[in-house]
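Each protein sequence line maps, in turn, to chains A and B.
Using my numbering, the first residue of the first sequence is number 1, and each one after it goes up by one.
Using my numbering, the first residue of the second sequence is number 1, and each one after it goes up by one.
Treat the hints with care, as some may be off.
Example chain A residues on the side facing chain B (calculated, C-beta under 8 Å, incomplete) [stated by the list, open to error]:
id, residue
1, Glu-231
2, Ala-235
3, Asn-247
4, Tyr-354
Hints were generated in silico from the structure; no laboratory data involved.
Computed from a predicted model, the values in this text were never measured in an experiment.
Positions of the beta carbon are idealized from the N, C-alpha and C atoms, including for glycine.
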Amino acid sequence: MPAPVPNHPFVTRSSRGRLIEGAVFWLMRLATYFVLVCGLCVLGDIFLKGGRTVFQAEFPYVNVPFLTQAPETLYVFEHEGQKMQLGDRDFRAFREAATAKAKAAGQPAPQFRTESYVYSAGGIWPCIVGTVLLVVGSMSIALILGVASAIYLNEYAKDTPGVRAIRLAILNLAGVPSIVFGLFGFGLFVIFLDWNVSLLAGWFTLAFMVLPVVITASEEALKAVPKGFREGSLALGATKWQTIRKNVLPYALPGILTSSILGIARVAGETAPIMFTAAYVVRDKLPWEVEKVSDFFFQGVMALPYHIYVVSSKIPQNEYTARVQYGTAFVFLFIVAVIALSSILLRNHLRRRYQW
Amino acid sequence: MEPSAPLAIRVPAPRDVGATSTIIEIEDFNFSYGAKQALFDVNLKLDARRVTAFIGPSGCGKTTLLRCLNRMNDLIDGTVINGGRIRIHGVDINGPEVDAIELRKRVGMVFQKSNPFPKSIYENVIYGLRIQGVGSKSRLDEIVEKSLRGAALWDEVKDRLHESGVGLSGGQQQRLCIARAIAVQPEVILMDEPCSALDPIATAKVEELIHDLKKDYTIIIVTHSMQQAARVSDKTAFFYLGRLVEYDDTQTIFMNPANPQTEAYVSGRFG
Ligand SMILES: Nc1ncnc2c1ncn2[C@@H]1O[C@H](COP(=O)(O)OP(=O)(O)OP(=O)(O)O)[C@@H](O)[C@H]1O
Ligand SMILES: [Mg+2]
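Please build the complete structure, drawing on both the sequences and the hints.
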């Protein structure tokens with residue numbers, strides 16, 4: 001005998017519909033978990049292995065040489081029955097000392113049978129410096145150009161088909177692959193303008209790449225400032241520029257800065273745009289060790305993303321290179337996180353100042 | 001403010017008006033937003049140091065005419081003056097020699113939606129002076145006090161001049177906007193429904209203020225409240241569909257209008 005069907009308007013529907021709903025819900029849930037797990041695996045891998053390079057168990061707990069020295073070739077050899085790993089400079093000093101000691105004792109100079117691994121010793125200090133310089137420079141250029149054109153488009157230009165076409169073009173620019181920007185920068189700045197592979201070329205290439213983000217974000221932020229502020233200011237006899245400078249831009253700034261800095265943090269991680277325009281595989285001098293001030297702008301630099309690329313694909317892989325790869329990735333992620341975090345803090349600070 | 005039934009409008013006894021002089025002359029003025037004409041052949045002479053009210057049903061062009069007086073409509077794309085002129089002190093304000101910026105310093109404006117800037121009360125009041133490059137601290141302090149007193153706001157905010165103007169109540173915000181407008185010492189103050197977002201008490205304060213300001217300023221006020229027009233204005237202009245229908249002493253407009261349309265509107269039968 002079947003159970004009696006209750007007779008009220010809230011009777012449970014057919015179980016098939018519920019089954020489908022449950023299945024769809026679970027599929028979506030699983031997709032989310034899958035994404036989460038992938039992300040955690042990638043980050044966890046870098047944090048675990050990179051952490052081993054960057055941190056150490058003894059005081060000062062941070063691997064200072066890794067953060068403050070230039071990359072060196074690693075020499076691995078056996079000496080008096082002991083397996084040794086030394087960086088380039090240390091190895092030379094060690095060999096000299098050992099030779100001198102042998103001479104003093106009247107013995108023949110010791111033979112060292114070494115295996116050498118490029119970039120596997122020392123640190124990544126020049127790459128950190130280079131990346132910070134690239135980020136700061138391209139950010140400044142992108143902000144100046146981007147905010148200026150956003151102000152023009154949003155406040156001055158009339159809404160003609162031409163202006164709409166420009167807007168569309170800017171949006172489309174955001175979809176251009178980074179390698180194309182790299183080639184563009186190479187063609188325009190490095191070859192045509194003859195800037196060589198230089199900081200300046202890298203700055204402009206990266207800046208052009210973030211410009212769509214900066215312009216779009218700035219336009220949004222400017223649009224969010226109420227029209228009443230502009231009219232109120234103009235009605236008091238302010239010119240358009242005075243109005244923008246004193247009564248529009250300050251309120252739009254939090255939005256502009258946050259989105260732009262986040263955009264730049266993303267772009268700073270791109271290898272393609274700088275590999276032809278600004279990055280050197282290796283450079284002994286630090287950027288400020290130049291003779292003339294103008295040389296500063298026309299020198300190439302080492303950079304973290306390019307260094308990761310070089311140590312993971314341009315040199316023979318072995319147990320010693322992994323240390324540098326993961327350590328560099330870790331430091332790089334850390335810098336990007338710091339930039340993003342500071343942009344958010346800055347926004348919160350500015351937001352508190354201007355509320356309406 | 002005495003309570004009055006909506007339809008029975010009590011017009012105060014005519015005040016001692018003294019001699020009047022015309023400051024603004026509007027002659028055969030036509031104005032269009034692109035293809036849409038908003039004003040047709042408006043002729044109007046506005047008195048100095050008096051309050052003139054613009055009344056009329058929604059969309060009849062009151063705001064449009066008001067914003068023509070300080071050329072705020074220049075900022076809207078596609079607007080055209082297709083005929084006629086507006087003179088202030090005999091000068092055609094749309095003439096080639098006239099700078100809209102200078103005009104707006106002389107013809108201030110208070111908006112329907114109060115728009116204090118997200119700055120301190122002090123900075124709000126001196127905004128126009130900062131723009132003009134006045135830097136002297138003592139002079140600014142003096143003007144802030146004078147303007148806030150003029151806007152009947154001083155006693156309420158004198159201890160919090162450096163707090164944000166956005167933190168004030170709606171009525172205080174509107175009076176702050178009036179203080180901001182009078183700080184640059186204009187001759188004319190245009191008010192577009194200044195009380196439409198205010199409660200009766202705040203409205204009464206602003207109306208009282210308008211009454212006081214009349215000594216020094218020419219005031220033109222757009223309002224939807226017949227009572228308000230009757231209470232504050234000396235003369236009233238009634239507009240309908242972009243045309244000026246009737247313009248006369250407020251008392252005449254409300255008690256004895258010449259035009260049946262005016263009569264119908266002020267007695268609340270349409271609009
Ligand atoms: N920016 C604009 N673009 C196009 N048409 C407009 C614009 N502003 C106003 N208009 C039109 O002009 C006419 C007059 O508008 P206006 O704002 O002057 O009316 P109003 O009398 O102030 O009305 P309300 O009492 O509702 O404020 C209306 O038909 C309106 O649709
Ligand atoms: Mg209006």
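Compare the structure with the hints numbered earlier in the document and write down the numbers of the violated ones, lowest to highest. Violated: none.
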